[in-house]
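**Student:** Chains as they are written, first to last, in full-length UniProt numbering: chain G, 1 to 411; chain F, 1 to 411; chain B, 1 to 411; chain S, 1 to 411.
In short, the hints are calculated from the structure, not lab data.
Take these hints with a grain of salt, some might be off.
Identical copies carry no separate label here, and so any pair may be met within one copy or between two of them.
Claimed, not checked - Heads up, simulated DSS-like pairs for lysine-lysine below, C-alpha to C-alpha not over 27 angstroms straight-line:
hint, residue 1, residue 2
1, Lys218, Lys64
2, Lys167, Lys292
3, Lys254, Lys228
4, Lys64, Lys228
5, Lys64, Lys141
6, Lys292, Lys228
7, Lys64, Lys292
8, Lys292, Lys226
9, Lys259, Lys17
10, Lys226, Lys64
11, Lys254, Lys48
12, Lys167, Lys138
13, Lys138, Lys226
14, Lys226, Lys132
15, Lys221, Lys138
16, Lys259, Lys226
17, Lys64, Lys221
18, Lys48, Lys228
19, Lys48, Lys218
20, Lys132, Lys206
21, Lys206, Lys170
22, Lys48, Lys138
All values reported here derive from a predicted model rather than from experimental measurement.
4 protein chains.
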Amino acid sequence: MASDLDTQSFLASPQLKPREGDLFNIDAALTEEERAVRDSVRAFVDEKVLPIIGQCYVDGRFPKELIAEMGANGYLGANLPEEYGCAGLSNVMYGLINQELERGDSGIRSFASVQGSLVMYPIYAFGSEEQKKHYLPKMAKGEIIGCFGLTEPDYGSNPAGMITRAKEQKDGSWILNGAKMWITNGSTAQVAIVWAKTEDNDDSGKSIRGFIVPTSTKGFKANGQKGKLSLRASDTSELVFDNVHLPADAILPKSGGLKSPLMCLTQARYGISWGALGAAIACYEEALAYSKERVMFGRPIGGFQIQQVRLADMLTEIVKGQLVSLHLGRMKDAGTFTPQQVSFAKRNNVNIATDIAREARRLLGGNGIVAEYASMRHMANLESVYTYEGTHDIHSLILGQAVTGMNAFGG
Amino acid sequence: MASDLDTQSFLASPQLKPREGDLFNIDAALTEEERAVRDSVRAFVDEKVLPIIGQCYVDGRFPKELIAEMGANGYLGANLPEEYGCAGLSNVMYGLINQELERGDSGIRSFASVQGSLVMYPIYAFGSEEQKKHYLPKMAKGEIIGCFGLTEPDYGSNPAGMITRAKEQKDGSWILNGAKMWITNGSTAQVAIVWAKTEDNDDSGKSIRGFIVPTSTKGFKANGQKGKLSLRASDTSELVFDNVHLPADAILPKSGGLKSPLMCLTQARYGISWGALGAAIACYEEALAYSKERVMFGRPIGGFQIQQVRLADMLTEIVKGQLVSLHLGRMKDAGTFTPQQVSFAKRNNVNIATDIAREARRLLGGNGIVAEYASMRHMANLESVYTYEGTHDIHSLILGQAVTGMNAFGG
Amino acid sequence: MASDLDTQSFLASPQLKPREGDLFNIDAALTEEERAVRDSVRAFVDEKVLPIIGQCYVDGRFPKELIAEMGANGYLGANLPEEYGCAGLSNVMYGLINQELERGDSGIRSFASVQGSLVMYPIYAFGSEEQKKHYLPKMAKGEIIGCFGLTEPDYGSNPAGMITRAKEQKDGSWILNGAKMWITNGSTAQVAIVWAKTEDNDDSGKSIRGFIVPTSTKGFKANGQKGKLSLRASDTSELVFDNVHLPADAILPKSGGLKSPLMCLTQARYGISWGALGAAIACYEEALAYSKERVMFGRPIGGFQIQQVRLADMLTEIVKGQLVSLHLGRMKDAGTFTPQQVSFAKRNNVNIATDIAREARRLLGGNGIVAEYASMRHMANLESVYTYEGTHDIHSLILGQAVTGMNAFGG
Amino acid sequence: MASDLDTQSFLASPQLKPREGDLFNIDAALTEEERAVRDSVRAFVDEKVLPIIGQCYVDGRFPKELIAEMGANGYLGANLPEEYGCAGLSNVMYGLINQELERGDSGIRSFASVQGSLVMYPIYAFGSEEQKKHYLPKMAKGEIIGCFGLTEPDYGSNPAGMITRAKEQKDGSWILNGAKMWITNGSTAQVAIVWAKTEDNDDSGKSIRGFIVPTSTKGFKANGQKGKLSLRASDTSELVFDNVHLPADAILPKSGGLKSPLMCLTQARYGISWGALGAAIACYEEALAYSKERVMFGRPIGGFQIQQVRLADMLTEIVKGQLVSLHLGRMKDAGTFTPQQVSFAKRNNVNIATDIAREARRLLGGNGIVAEYASMRHMANLESVYTYEGTHDIHSLILGQAVTGMNAFGG
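The shape of chain G in the complex, shown without the other chains (with noise of 0.2 angstroms):
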């Protein structure tokens, strides 16, 4: 009865012995082409990026320096099609490449997942061909860097209830007002894809349109954030809105209703599961590295019992939460995923990355307070990771309704 099977198991390299610090084999679950992404974007990170980045965070600095070369890299929107200038990479190798960038800094994968997924993709899923004929191609290179104004002060975890407006003229142009929040990018862009409503009355949302708005259009404004204490590497903005006027040929014709907008999170929550396992990943590397070195009583800390469950305990989480970022990029792949199971994954992957990142950094002693070891910053970024794309809250009742049938974001 089991003939066949014996020849077959799912795996993507089954007879892949697991290499040292891959306990569970997760790289047997993979293509060979697949870890050769994985590896490349990893030698990246670890060339460019950890060289700066305790100082660009320590700064407040978003290493702008790094776009050329990611974009040559293909690693924007690089699970769209190579007829856009894309690297038409799967959704399995976009994940992978998400989690190299987080291992460098949470700041370097938001910058890249607001540009792929939520202004290539918008682009892409719901722009005309002149549209994705003009923006794709040099967006995929970072010559045109966007940003993506959803989030509005008082509507956080509501966006149904934004407050801007853009209002149709006579001659079919458009005029905004409003404001967004928490805009990653956002005075970094030269382009923003705005989300407004386009009628009055509208509790629902179902009259969101999509925008794309240069940022050099009069009345235009982009304000950073002060005084962050998270992310402090990654641009985030005020977006203010004072009568922007905007060609017809500005909207998003294909986007309607705010399902248009909750798409692109689903694409980036999808990105972001991945994220946050770089950022684990990290965080353990360094922790298991300092208690082979750090020796504490006579011996490395590495061989203390307490020590050892915690690495045990970072190294499960990882584990699992790699499982689910890669069975839902199967999925992905195969054209069935639900944003449900995007909410389960970013959801989880967050929250056992924000776990991780404390206990190394707990590990660490009193260097683990410092940006020359990397699991503070990680630790801190993970709190806006934790929060943004939906919070750890509002996933779980996400899943509490997608189970029982019954809505209890109300209370």
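With chain G's structure known, arrange chains F, B and S on it following the hints.
**Tutor:** Frame of chain G; chains F, B and S shown alone:
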């Protein structure tokens, strides 16, 4: 570059849409044949186990009346070859059988684990051709029941220290003396696989050999454990060997050193990692169903945020455990899995199952303490599972050693 | 400025040095008389309860043979006045009695809680002078046992919804119909305090009144709960009232509205907050003693870091719970305590006790699942305690309402 | 029997009703004078610290401008005697000062802890009368600032291994060589208390003595720590001693062995146990206020069950921590407290504060990552507090040793 990948997802059933109750679409990772095996065991448990198991548990009785059908259905030693009368299933299928049996009760799965992984497996792996031909077909049918005698009262986590001795006589026969504890099936079995040191001065356990001991042999005594508050539907006994004479061919010829029984434990732990998920699933499904029916303050309690968070957390851990066991099973089928990976899976899956059972019981309120509902029975059972086959702490230190290279068992 | 303070520490026994086993010197916060009360109950439990309670639990039997001595020792209604035959102890002393009784078993403490706080207290607080004089002295001696009928099958956390009705007849007598569930002492009691609505249309519970119902009255039936996996050494029953006729003077004249039974619950919960600590202390002490004796890998396991962390965490939560109950008791004795403070203490102390019992059981390894050891019995019992007298979740929402001013019971 | 007790509650203010925000009426355990001290420090922090501390933190600057007022208010060495120019307050009052200062920022409290417990205390306890008279009054006023040099780069948790040496010269003077790390106030101080071994071959630390070292002495160098992601409003420095010549009277004459600096740490840890509560209170109060104002889905988020559970859990841990510190303070005032009790309180209170800060930050959503709100600043600070003055793990093992009698520091 990614063209080939687009056509291949490494999911067993890539196009399968998630069915209700399978939010993360674990089924897509299974073949149709695997799902069929699982569903048939599930049906057996629904029809034969669930109607009686609560009362068996209250009465402290293992339901022997189920053995014949379990044998006939191929659940015993299911991953051993057909040439010895076994089902010859893959390790993933074997795992799914364990999952479904423990959805019934940990005692049912323990019975099958011992019979298959701790009795049939060592005969298969270390036995002579005669031993295999004599025992395995009858054991597969449940006509001969076995037990596994390794653990001793003072050496639960340190079997190398065992006291039981088999002394070779001049004629090649053996005399066995000692005692074993916490022996599942001990009073039910016709045959015991007993592990004993064959040399007097052996601290490391290198002289340990396995013996096939008919329980009717003079000097062999089994005493059922009294006062159990866990695994009450399982036979747990103490074995005493008082000058038990064994013929020369009682020995398992290929056994040698502590490594042999540890290989058996690796097999059993593999099955436990799946089984614990079954207990967790039983609890989650019971709690979910209850949350939809139980009305408080005018609403089903499943509509309250507190219960939605509880359910989302349960589901999350079950899904991750399933991915862990499935990945492990695929590696076992590919022949690359390691004992440390089994420790990883046993430790995690049992641990999360204990939490899920407790939270399910709590969601059930007052009803959660009676045997009419399953969650508290599982909660109590899982404490045994947490402790046996390597305690949680021991597996922490196995993982700690694997990643740091340092041994911390002795502190 | 601080001269006066130097001479006053507000400790009851400021100069007391910490005794072994009392690391944080909780005894210094107790008077000599309080410690004497505690020690005498402790001796009673050691001598009379512990030798039999494991077997009672296995057998599912409440040890009625202990009642007379508990009465003679003044443990029943101990904080009620001497003029009604009670011990007239302070609330702190009453709490210490509860702590020590539950160190024996939650079922023993539940018996005393029901008798004292849920039967004698309402007679004392809402009864006529005749009722007090008739019942309280006999109840204090344990000659009359009572139970408390408030909870109904579908209104566990929402007693205002109760269905049980007492209908006043023209002659002032009453006819009682309905059913109650999860009634401690229900089959043991000679007298039940039953809460019923006296008006047909009453959603809020304002017509609720209390009645003294002899269990021998025609139409009164008590059915012992079958299949309990918790509180097995306690009598838990269902009560059914089928046209139970009660004389006019069966009513508790000063009772009125849901507030009356809730006042009783506040009394009982106060005692539970102490009792749960007793269960936790039993588990901690058992685990600590075991850790010093149990040798593994050549050392007592108490010398391993993993077990030291486990013990330190247990101790920490016990100490904090003791300070909570003691502060609450001092406030109760001062007459200032609030029901929300009782919710605080019940919720915390039971919750930490469930964790401590589980960790103790785990430290005990395989021995931790048999009734010869106490930890798993306590672990199972505490699940009932977690649920009854206001579930953990309900108390969370009581506290949430207290601090935010917003009601979230209905979601 | 209980008549006397009825009149005595051992609460400092037994009749006090709970004020809003003090659900468990901790105030009732304080005297009026204690509450007055606390309230005055609270006002100082509200008026002088909170308006500037967020910016100080972002800028990485300790606000030296506050020192004079802290001195004038008696916050420095507040529990030392009035005869040396100190406030002569009780240890409970001293604790309350620490609590309120850390409600501002851990860096402010660290400054005061070092000055009072690690500089003034050793001069008071181990110094000559001349040293006390010279230093203490000026230090109490903040005219001379001190730091405490014990920790070395490779001996964070094991000070007995220190390398720094003080070599006595023939004329009785000393030459100091070595380095110290993680020194609070290191670059701010005019005087350092430096601990050094005075014998070459000393593994146990028995030759350790303390020295008063003016930071202007030739060969003394302090380097501010760069890249801190925690305690950014505090001065943390490395000290280097390169042939620092000290006069004979630089030594603290009564210091002797490792015990002396450990006594200082006990003093400081006592204050930290209170201080961490202040940070936790700041976070809880910020989160609670935010939950009442922040509207989502049409309701203040404080009305949602998820947030109510979060707030109830925070409050619970704060209250328990307050009772711990208060009981410890009463024992310190009574002269009976032990270093293990201080470990207990430091370990618990800092640990719960880190959780509370994180949960508060999460409740604040996106706003929780900016320095305009306090929670994330406290969350980051508390990681240092978790690590310094005995890491959490070290205190676990101190408690483990205290209860089991076995030393597990070395594994």
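**Student:** So, for every hint listed, does it hold in this structure?
**Tutor:** To see whether the hints hold, each was checked on the structure:
In this homomeric assembly, Lys218 and Lys64 come within 27 angstroms of each other (Cα to Cα) only inside a single copy, at 25 angstroms, whereas the closest approach across copies is 45 angstroms. In this assembly of identical chains, the alpha carbons of Lys167 and Lys292 never lie at most 27 angstroms apart, being 62 angstroms within a copy and 34 angstroms across copies at closest. In the homo-oligomer, the alpha carbons of Lys254 and Lys228 never lie at most 27 angstroms apart, since the shortest distance is 36 angstroms inside one protomer and 48 angstroms across protomers. Taking the shortest alpha-carbon separations for Lys64 and Lys228, both the intra-copy value of 18 angstroms and the inter-copy value of 24 angstroms come in at or below 27 angstroms.
For the identical chains of this complex, Lys64 and Lys141 are intra-copy neighbours only, at 13 angstroms inside a copy versus 49 angstroms across copies, given an alpha-carbon limit of 27 angstroms. With identical chains, the CA atoms of Lys292 and Lys228 are at most 27 angstroms apart between copies only, with a shortest distance of 24 angstroms across copies and 34 angstroms within one. In the homo-oligomer, the alpha carbons of Lys64 and Lys292 never lie at most 27 angstroms apart, since the shortest distance is 35 angstroms inside one protomer and 40 angstroms across protomers. In this assembly of identical chains, Lys292 and Lys226 lie within 27 angstroms of each other by CA distance solely across copies; the values are 25 angstroms between and 39 angstroms within a copy.
In the homo-oligomer, the alpha carbons of Lys259 and Lys17 lie at most 27 angstroms apart only across protomers (21 angstroms), although the nearest pairing inside one protomer, at 44 angstroms, exceeds that limit. Proximity of Lys226 to Lys64 under the C-alpha cut-off of 27 angstroms is found in both arrangements, the shortest distances being 19 angstroms within a copy and 24 angstroms between copies. Taking CA atoms no more than 27 angstroms apart as the test, Lys254 paired with Lys48 passes in neither setting, with 38 angstroms inside one copy and 55 angstroms between copies. For the homomeric pair Lys167 and Lys138, neither the shortest alpha-carbon distance inside one copy (29 angstroms) nor that between copies (69 angstroms) is at most 27 angstroms.
Taking the closest pair of Cα atoms, Lys138 and Lys226 never come within 27 angstroms of each other, the shortest separation being 30 angstroms inside a single copy and 39 angstroms across copies. Neither within a single protomer nor between protomers do Lys226 and Lys132 lie at most 27 angstroms apart by alpha-carbon distance, with minima of 34 angstroms and 46 angstroms respectively. When the C-alpha separation of Lys221 and Lys138 is checked against a cutoff of 27 angstroms, the pair qualifies only within one copy, where the shortest distance is 23 angstroms, while the shortest distance between copies is 54 angstroms. In the homo-oligomer, the alpha carbons of Lys259 and Lys226 never lie at most 27 angstroms apart, since the shortest distance is 32 angstroms inside one protomer and 47 angstroms across protomers.
Only within a single protomer do Lys64 and Lys221 lie at most 27 angstroms apart by alpha-carbon distance; the minimum there is 20 angstroms, versus 38 angstroms between protomers. Taking CA atoms no more than 27 angstroms apart as the test, Lys48 paired with Lys228 passes in both settings, with 24 angstroms inside one copy and 22 angstroms between copies. Proximity of Lys48 and Lys218 under a CA criterion of 27 angstroms is satisfied in neither setting, with 36 angstroms inside one chain copy and 42 angstroms between copies. With identical chains, the CA atoms of Lys132 and Lys206 are at most 27 angstroms apart within one copy only, with a shortest distance of 24 angstroms there and 68 angstroms across copies.
Taking the closest pair of Cα atoms, Lys206 and Lys170 come within 27 angstroms of each other only inside a single copy of the chain (22 angstroms); across copies the shortest separation is 64 angstroms, beyond that limit. Taking the shortest alpha-carbon separations for Lys48 and Lys138, only the intra-copy value of 22 angstroms comes in at or below 27 angstroms, while the best inter-copy value is 52 angstroms.
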